[in-house]
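Asker: Same order as they appear, the protein sequences are chains B and Y.
Remember, my numbering sits 35 above the position in the first sequence when you count from 1.
Remember, my numbering sits 298 above the position in the second sequence when you count from 1.
Simulated from the structure, these hints should not be mistaken for laboratory data.
There could be a bad hint or two in this list.
[Said to hold, decoys possible] Derived PhoX-like pairs: lysine-lysine, alpha-carbon spacing no greater than 20 Å straight-line:
1. K139/B <-> K353/Y
2. K310/Y <-> K322/Y
3. K179/B <-> K114/B
4. K388/Y <-> K353/Y
5. K377/Y <-> K139/B
6. K67/B <-> K114/B
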Amino acid sequence: MNLDNRTISMTLPAEAEYIDLVRLTLYGLGTKIGFTYEDIEDMKVAVAEACNNAVVHAYEPSNVGTLEVRFERLDSGLKITVRDHGYSFNFEEKVRQASSLHDKSLEEVNVGGLGIYLMQALMDEVEVRNDGGTEVVLTKWLSKSEEMV
Amino acid sequence: MMNRQHSFEIEKQTTSESNLLILKGELDLSKAAELRAAADPFVADTQRRLILNLKDLGYIDSTGIGVILSLLKARHVLKAPMGVENIPPKIQRLFDMTGLTPFIQETSINVNQKG
């Protein structure tokens, strides 16, 4: 089976109100491929976090850019690429430092880095590239039982 | 119907005991400010318990979790109780994963100053 032709791409305004369209598409495609409900819910959050970062950090408020989301079907999984063409904000550094709220007190915690932490916790693979924008590549593998469906 | 299920709504109920916010639909980056604005007026009301009911919440991401965390922090500083209740399993899982759960437990047993 040639999977090269089975890529789905979306280009959308890098604005918060459009991120639900990415989640809806992911839900539809995830169901078609045979991911479990839980895996689809995990991917929805992870992909939305990548979109959130682009929407919040990539562009000046006065200059709304675009967000490109590409869904590539793999032999036994799904690869989702979220790309912007805006300002790169040391995303790789943030990925290294991302942490959860565990083992901290309520006085000292803050929410910074939580989105990136979730992205890593919910996907099987996360890659980040900065070159004239930020590209986040998220991969989820089908578990054995799902593949048999 | 699709539209209603995916949009976000907040229903407010104030009684002598509590300020209750019922969150419905999908809470994401585009709606986080709406929750903050709805909840802010109740943060300083230490006479009443602040309650978020998540029974009908279908989706949350780190921005929604961030708003809940900032409300917990503010109530904690005031030593005022706050409850986050009826958490659906898939949202509970994200709260556990991020480490929010212990703070929800901690803040739920804060004792009202005049309590």
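Asker: Taking only the CA atoms, is the gap from K139/B to K353/Y under or equal to 20 Å?
Answerer: violated, 28 Å
Asker: Hint check: K377/Y vs K139/B, CA-CA at most 20 Å. Holds or violated?
Answerer: Distance of about 18 Å is within 20 Å: holds.
Asker: Next pair to validate is K179/B with K114/B; report whether the Cα-Cα distance is within 20 Å.
Answerer: holds, 17 Å
Asker: Compare the distance between the alpha carbons of K388/Y and K353/Y with 20 Å, and conclude whether the hinted pair is satisfied.
Answerer: Satisfied, since the Cα-Cα distance of roughly 11 Å is no more than 20 Å.
Asker: Against the 20 Å threshold, does the CA-CA distance of K310/Y and K322/Y hold or violate the hint?
Answerer: Measuring from Cα to Cα gives roughly 11 Å; hence the hint holds.
Asker: Is the Cα-Cα distance between K67/B and K114/B 20 Å or less?
Answerer: This hinted pair holds, its Cα atoms lying about 14 Å apart.
Checked against the numbered hints given earlier, this structure breaks only hint 1.
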